[in-house]
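**Q** Here is what each chain is made of, one letter per residue.
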Amino acid sequence: MPERGYLGEFELMVLLAVLHLGDEAYGVPISRELEQQRGKDVSVGSVYAALERLEAKGLIGSILGEPTPERGGKAKRYFHVTRAGLRQVHETRRVLTNLWRTLPELKREVS
Amino acid sequence: MKSAQPPRLATWILEHLTTGEHGLALSGDLCEQYHAGRSSAWYWRQVASACIVSWYRSFYLQRVMILFALLWSMLAPAWTILVHEFENRFTLLGHIWRMDWPWSTLASFGTWMLLNLVFVWAGMLVYLLPAIWHARRIDPRQVRRGILVPIAIFNVVYFGLFFLLNLLSFPGPSVDLRTSTPARAIFDMRRWAMAIRLPYLITLVCALWRPLPRLAIAKTFMGIPIGEVPPPNSTPVRSVDLEGMSGFLGFFVCAGLLNAAIVALLVCRLPATSGPSLLGTLTRAAVYVLLGASAGTLGAWFYWRRSASPFRLHAPLSFRLFALICAAGWVWVPAIILLSTQDSASAALLGGLLGCVIASGLRKSIPAEAQPANLAPPTSAIFSHAILEVPTELHGYVIAFCVYLAFYSYRNSSNLTAAALLATGAFLFLWNRTQSPAAITRQQLRRRAVWRLVRTALPAVLITAWALMLGVAHRNRIAALGAALANTASPDSIARPDSTLGGTGGYHSIILWPLPPKKQIIPPIPRPANYLGIDHSRPMVIRFDGNYWYFQPPDQRPGRLAHQAHGNPLLFDIHSNNRFPLFMEAHQRLIGPVRIDRCREIDLQIENKDNGPGSFSVSLLLGDSGYPGQPALALGQQPVISSQPGYFRFKLAPVTETLRFALPASPRIRKFDDITVMVIPEREHITASPKIAVDQFELLPR
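Respectively, the protein sequence lines represent chains U and X.
All residue numbers for the first sequence refer to my numbering, where the first residue is 7 and numbers rise by one.
All residue numbers for the second sequence refer to my numbering, where the first residue is 164 and numbers rise by one.
Please keep in mind that the hints were generated in silico from the structure rather than gathered at the bench.
Where a beta carbon is used, it is the ideal one built from N, C-alpha and C, also for glycine.
Hints are supplied without guarantee of correctness; some may be wrong.
Partner residues aside, some chain X positions facing chain U, computed with beta carbon under 10 Å [as the list claims (entries may be wrong)]:
id, residue
1, 174
2, 188
3, 210
Some residues of chain U that are not near chain X, with every Cβ distance over 10 Å (derived) [stated by the list, open to error]:
id, residue
4, 12
5, 15
6, 37
7, 54
8, 55
9, 89
10, 98
11, 104
Make the full structure from the sequences, and use the hints.
**A** As structure tokens, this is what we get:
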């Protein structure tokens, strides 16, 4: 039975990256996408930890791909978002949008 | 210049030491990124991060279980005390030791194991009971795991931690169980109590760990997932084949060695008689050699047949052949153990021989076709930095490290450690130097293995018998010396030793000097030039300001390697870290001689803060330094009352006691200026120096 819980910040980012990449969502492009968006290095191990948590919650699924020599003969594992995952993404987006909308206009502070 | 392949050690760590479902995919991703241009430092950082993250997640998921194991293991010291009281109350140990060998040893070990396992199983039952009650069913796999895992690992963890503690601090923590209660022991945070808790904690965590961490190596062999069809056009990784096979072979060899060592430590004993017959010694040696080989075989077989072992399905050689080859090395283990307890350097040399025998035997039994003859360069990108992979021979550094550390251990008299290190270094050296046979049948391999076993077993029996005889001779010398010292015979009548003994680490002997005197504000009272002069009618008090000697037989005094320290003997825990007794003496040199005919009695005032088991007594010897060859005058032996059964009380502060020694009317010597106080402990106290200090001597005039 999949675990239920709220999405953490990093989990949400990983989920959105998987959605964005579509069929080519495996470890390397997911981490690359997160690095580009965040502007700093991302540990591939922590990406996989987040993917495992999402898989345990039933928000994503995975299938094994083909091994290649560049990967030392190891197969790729492709991830895809499930229906429950899509619902969770939309719900999170709705909540975050409402929260942002209710905030007063923030003035940028210069340190 | 960057290597074409990612760091092998990092890859091994990633594939073997991380938990998690997608370990192989992660490994492949990092490999892909490395080939895309990432550096080795980046690769190492990613591997370290993956290990930390995966284990953190595993511990987090099992946090309730870990907390329970922590709390349950807090009860371990209390359980140890209860077991001790149980054994004493029912004189269980007495019944066991009256049995014939080897049943006495097996029964003792079995009882100890059972009592410890009961504690672990009780903890597991308490933890699993709510889950069983809730689910209304028992998972047979969990029960089987819960029963078997503690049996398999408790021994290994317990003795491994014991070995580690002795390496870190000799001779390890000790405590008098008579003086503690179970309730108090639960909250005991001393080193002893924490050391006791660790093996139970680790065993409980391993037994209750659910599910098994998904280590990637259990899923693949030769680069192919076990049980799955190999993907098309896949290239098995050469390095995984060779390294995986070597690694597993090494693991099984070590498992057998450890098992053989444990059995040898428990079972191998010197003959009880002081003059055993040659036939009896040879028979005993043959039994020990057979036990060593059998224990090693059983230990390796246990892990060979486990479900996680890839050798169950795809072994480079059969277990029978493997056992025959390795038994030629395991037969040396009893001799190594016996010699190491006698602090003989031969133990280390035999360890090296063991490593050579096993390495050459295994290497010559794996045909060359199982390994690629030429190391073809790996495929690499067309513009890679290096066309050919630079070979890295890590084993060279490991061999050098083992040799250096072995000599260091030998220098510190840790012969067992030196043997293990030399065995490792010799194994690695010969493993990489020995050529595999080109074409050889299984029958030839088996014949060779049997012949090799026969050729090594016979010398092993002879050397084990020699070790036994050496041990008996040594024991006889110590017994003779102990009897001579107890009768306070002339030092000249005691045979001078040919060689001095060391311990298993620690110091050869110790000389303890008094603490430097504090700066005195008032001038000290000057000492008289001579004691008990003609007009002297009052007792003369001499404060003790000499030194204490701690040494082991057959030495009669601390050697030139003696460790010198300042301190109070009441504050020091000085133990023998081998099986030899520890002698303690206090020496006081007087400024001037005292005439025997002026003194009728010497009252010795001591402070006793000893809480160890066993009582002890004190003997006084008077000597004249003007006549070095003259035998000392012995004034007899007096028991220290506060250490005797019936008078013993746990001491938080030192207890002062006065022992009276009368001088004979017609003594052998006329005067003395040297007083020696000899502490003579009983058998239970013979390896730990009593915590007593000499306060003063009071000379009573005639």
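**Q** Next, verify each hint and record whether it holds.
**A** Hints and how they fare:
Taking 10 Å as the C-beta cut-off, the interface hint given for residue 174 of chain X holds, the closest approach to chain U being about 8 Å. For the restraint placing residue 188 of chain X at the interface with chain U, the shortest Cβ-Cβ distance is roughly 4 Å, inside the 10 Å limit, so the hint holds. The restraint placing residue 210 of chain X at the interface with chain U holds, with a minimum CB-CB distance near 8 Å, inside the 10 Å limit. Residue placement check: residue 12 of chain U keeps its beta carbon more than 10 Å from all beta carbons of chain X (closest about 16 Å).
Residue placement check: residue 15 of chain U keeps its beta carbon more than 10 Å from all beta carbons of chain X (closest about 16 Å). At roughly 8 Å from the closest C-beta of chain X, the C-beta of residue 37 of chain U falls inside 10 Å, breaking its exclusion from the interface. The claim that residue 54 of chain U is not at the interface with chain X is violated, since a C-beta of that chain comes within 10 Å of its own (minimum 5 Å). A beta-carbon of chain X comes within 10 Å of the beta-carbon of residue 55 of chain U; the shortest separation is about 5 Å.
With a least beta-carbon separation of about 22 Å from chain X, residue 89 of chain U lies farther than 10 Å from that chain, consistent with its non-interface assignment. Every C-beta of chain X lies more than 10 Å from that of residue 98 of chain U, the closest at about 22 Å, which supports listing it as non-interface. Every CB of chain X lies more than 10 Å from the CB of residue 104 of chain U, the least distance being 31 Å, so the non-interface label holds.
When the structure is compared with the earlier hints, violations turn up for hints 6, 7, 8 and for no others.
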